[in-house]
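**Q** Residue numbers (the working numbering), protein chains in the order written: chain A, 14 to 124; chain B, 3 to 113.
Just so you know, the hints here were simulated from the structure itself, not pulled from any lab data.
There could be a bad hint or two in this list.
[Claimed, not checked] Partial chain A-side listing against chain B, Cβ under 8 Å, derived:
1) Trp20
2) Leu24
3) Asn45
4) Leu60
5) Val64
6) Gly67
7) Ala113
[Unchecked claim] Per the computed footprint, the stretches of chain B lying under chain A, defined by three or more beta-carbons under 8 Å from a beta-carbon of chain A, are:
8) 17-31
9) 56-65
10) 70-77
[Unchecked claim] Below, in silico cross-link-like pairs of lysine to aspartate or glutamate (EDC-like), each with a Cα-Cα straight-line distance of 20 Å or less:
11) B:Lys69 to A:Glu112
12) B:Lys44 to B:Asp85
13) B:Lys44 to A:Glu72
14) B:Lys44 to A:Glu35
15) B:Lys58 to A:Glu35
16) B:Lys44 to A:Glu112
17) B:Lys4 to A:Glu112
18) B:Lys4 to A:Glu72
Every residue gets a Cβ at the ideal spot worked out from N, C-alpha and C, and that includes glycine.
Here are the chains, one letter per residue:
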Amino acid sequence: SQTIHQWPATLVQPVGSPLSLECTVEGTSNPNLYWYRQAAGRGLQLLFYSVGIGQISSEVPQNLSASRPQDRQFILSSKKLLLSDSGFYLCAWRSLGTEAFFGQGTRLTVV
Amino acid sequence: QKEVEQNSGPLSVPEGAIASLNCTYSDRGSQSFFWYRQYSGKSPELIMFIYSNGDKEDGRFTAQLNKASQYVSLLIRDSQPSDSATYLCAVNAGGSYIPTFGRGTSLIVHP
């Protein structure tokens with residue numbers, strides 16, 4: 014069966030520090046991968062998605078970036094965090110036409 | 003712009019009652035429809051999906067789809083306090099890589 018791993022679960026980072034969140038998927042090949050952010054009391058905001066290795070589409074311009082170095086690995090990064098980057102970050106995977114499956118999420122607090 | 007609209011609530015129902023959650027979507031090309039439940043501080047989990055017009059039942063949950071009216075709903079029978087959560091509606095157009103999520107409806111089931 015397919016599983017998705019996302020870490021860390023919680024993170025407190027100072028403003029201006031770098032960020033790296035990692036997500037890996039097991040049990041499937043060539044998944045579509047997604048990074049979402051959810052601010053408190055808000056809906057899901059799609060940040061990036063990827064349909065293959067090295068293919069990244071950005072939905073919202075900001076100081077975040079994403080990379081997909083391997084088929085089942087998706088990384089969200091920032092060189093310098095802003096206070097506004099605080100939120101609940103969710104990685105998800107899906108095959109075309111099916112439902113999305115979410116990782117456990119990372120609660121990021123920028124202080 | 004593809005949109006999925008949900009009433010943010012909160013929808014408050016007494017224990018044992020039927021909770022009715024509604025969702026409308028703008029893209030007539032949408033072909034698959036999903037309901038997710040998200041407990042506070044947790045990631046969304048899939049509870050129902052529906053592809054064809056009509057009703058689909060799974061235990062206490064019934065999803066209803068009306069493509070002509072661009073409307074999908076979720077009924078929860080015999081609501082329990084453990085059903086208290088935010089319910090997200092997601093819609094996917096055929097061939098699209100990106101599911102569109104509503105902002106969610108908060109459901110409160112009080113004893």
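**Q** All hints, please: hold or fail.
**A** To see whether the hints hold, each was checked on the structure:
| no. | hint | in the structure |
| --- | --- | --- |
| 1 | Trp20 | violated, 13 Å |
| 2 | Leu24 | violated, 14 Å |
| 3 | Asn45 | holds, 6 Å |
| 4 | Leu60 | violated, 12 Å |
| 5 | Val64 | holds, 6 Å |
| 6 | Gly67 | violated, 16 Å |
| 7 | Ala113 | holds, 6 Å |
| 8 | 17-31 | violated (count 0) |
| 9 | 56-65 | violated (count 0) |
| 10 | 70-77 | violated (count 0) |
| 11 | B:Lys69 to A:Glu112 | holds, 19 Å |
| 12 | B:Lys44 to B:Asp85 | holds, 14 Å |
| 13 | B:Lys44 to A:Glu72 | violated, 23 Å |
| 14 | B:Lys44 to A:Glu35 | holds, 18 Å |
| 15 | B:Lys58 to A:Glu35 | violated, 36 Å |
| 16 | B:Lys44 to A:Glu112 | holds, 18 Å |
| 17 | B:Lys4 to A:Glu112 | holds, 18 Å |
| 18 | B:Lys4 to A:Glu72 | holds, 14 Å |
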